[in-house]
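S.K.: Keeping the supplied structure of chain A fixed, place chain B upon it in accordance with the hints.
2 protein chains.
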Amino acid sequence: MATPAKLGFIGLGAMGFPMASNLISKSAKGSQLFIYDVSEASMSRFAEKHPNSTVVCKSPAEVSSSADILFTMLPEGAHVKSVYLDPATGVLHDGMAAKILVDCSTIDVDTSLLVLDAVRQSKSHSGVSFFDAPVSGGTLGAEKGSITIMLGIAEQHDPVYPVLLPLLQLMGKHIVPCGKPGMGLTAKLCNNYCSGLIALATAEAMNIGIRSGMDPRLLARVFSSSTAQSTICDTWNPVPGVVPAAPSSHGYQGGFKVQLMAKDFGLAMQAAAKAEATTLLGPAGLDAYRKAAQDPNCYDRDSRVVFRYIGGDEKWQEKL
Amino acid sequence: MATPAKLGFIGLGAMGFPMASNLISKSAKGSQLFIYDVSEASMSRFAEKHPNSTVVCKSPAEVSSSADILFTMLPEGAHVKSVYLDPATGVLHDGMAAKILVDCSTIDVDTSLLVLDAVRQSKSHSGVSFFDAPVSGGTLGAEKGSITIMLGIAEQHDPVYPVLLPLLQLMGKHIVPCGKPGMGLTAKLCNNYCSGLIALATAEAMNIGIRSGMDPRLLARVFSSSTAQSTICDTWNPVPGVVPAAPSSHGYQGGFKVQLMAKDFGLAMQAAAKAEATTLLGPAGLDAYRKAAQDPNCYDRDSRVVFRYIGGDEKWQEKL
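Listed in order, the protein sequences are those of chains A and B. Numbering that gives the first Met the number 0 numbers the first residue of the first sequence as 0 and each following residue consecutively. Numbering that gives the first Met the number 0 numbers the first residue of the second sequence as 0 and each following residue consecutively.
Next up, chain A with everything else stripped away, as it sits in the complex:
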């Protein structure tokens, strides 16, 4: 970006903080970032890190009064609703300057489309765009700027795309236009539904092998060269000691937390119900992630901890 920009970021949590940090530190010199978070401590920490470019605001409304392009990264649909629509403090208000609103939260599609509708229907917001843009790649990816951003936009038709793309590229590596509003969220929820089931299937299959006397490293090699190959098996293998760099080999630390998988999986099941799509494996998958998220031996660990949840033998190496 050659021209200094007036940007906004609301929600400086585990993902939002490093994303906003990349956004402003890689933007053109002289750019400003208007920030808001419910935690004043987070805002102070951010302002200390970027003292010359941060403007701390008192509400989402204050951010949208100043920033031209605004990003939000919030935990759940209810937060997105209130951040955008609250009559007193919300982003949408008559004095809004922002023309492009991008919600990076992973929430249900309906809430996202409800906000889009509010943006479209309000007369004072003509020319304002709103996009769903959930991300994947975890906190480490957010720090490195290597996340994937799934954007609910029709690449070919939307004049905003060329404006937005270079900004998104400051925060992420793969920017995937997903066709139309809501499709960014749909893509993310479908991906996590599938990925969650692959992890559980791989954990179960490897557990059968281990308990039958097979070395799981050999078994993973068979999978990788055959039809059970997956990125989960190759990079995020649920069995400790099979992939040295995987969270499972380090007490399931880091990675994608099991309670977030439970949340996303639940949202995917909602989307499936709404679309009247059959989910034969879904109920057992959702039950496993929800229960694992409540299990003190699994909570806050990488979601591939489902291997532990199903009673997988983590000390297989001692028995070979």
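Just to be clear, a hint being listed does not mean it is correct.
A pair holds if it fits inside one copy or across any two, identical chains being indistinguishable in the list.
Capping the alpha-carbon separation at 30 Å, the derived lysine-lysine pairs in DSSO-like fashion look like this [stated by the list, open to error]:
(1) K314 <-> K179
(2) K273 <-> K290
(3) K290 <-> K28
(4) K314 <-> K273
By construction, these hints were calculated from the structure, which means they are not laboratory data.
M.R.: Here is chain B on its own, set in the frame of chain A:
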């Protein structure tokens, strides 16, 4: 192989025929293949194809009386039991010449270990080895000689391995020593359990996306660059029109038939029960493959036809 060999092959079905064909046609000049099949027509067809090297036998016992190394490729455990152990016609008998017995059938581990036990306990068979060696890669792979062979052997310790390896390489591309007897079957069943669940999970996830209005080609691209990546998604995608070369794009013709997946999945569930391994997704997966195998719209199709079985929209392209 420089020296002519006396080889045997029992079971000239969809897989056995092309495997035996590769075995003899790539063997050293002057090698002989002693064959047996319940179908005389299959034996005649094979003898016509390899007139100078085939010896048609009247029973498994006759094959093992002449061949030094013998392969079997049979549909189910019951066939393996009778082909090896039948007192009148079975492979194991006092006049047996064969020293290396290799069963390539996909059967339950218990039956395989039972045959191994019979080989080991019989006094007249000292020095005879028996291995489980199931294959993957389908009939096309068997014809091309590109199958993977999972061998129940400890590579480092077994003196038979260097004798067997060059012969297996005439029939397959990847030979994977799996550690010990029964582990070839264990590896194959675990792989197909996992692969069957990945296919169903991918079908369900893509169906959610399609019914929510997303282009499945875009969705597959998201999966491939994210945590839902798998060989099933990239090469065997269950949704017609996503991967042009996949069976799904050609009326689910070719590939790995759904009734065989149902069989292997059932064997994997048996293995899991025996090993007391938890299968949270297994029951729903087994039920889906068994019912799909009985559905006239799915029977005899590639197993990724589960997309059709769950009511997936195969005409999504007309609605974009």
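S.K.: Work down the list of hints and note, for each, if the structure agrees.
M.R.: How the hints compare with the structure:
With identical chains, the CA atoms of K314 and K179 are at most 30 Å apart between copies only, with a shortest distance of 20 Å across copies and 48 Å within one. Taking identical chains as interchangeable, the C-alpha atoms of K273 and K290 lie at most 30 Å apart whether they share a chain (24 Å) or sit on different chains (25 Å). In this homomeric assembly, K290 and K28 never come within 30 Å of each other (Cα to Cα): the closest approach is 48 Å inside a single copy and 63 Å across copies. Proximity of K314 to K273 under the C-alpha cut-off of 30 Å is restricted to the inter-copy arrangement: shortest distance 20 Å between copies versus 43 Å within a copy.
Comparing the model with each earlier hint shows a violation of hint 3 alone; every other hint is respected.
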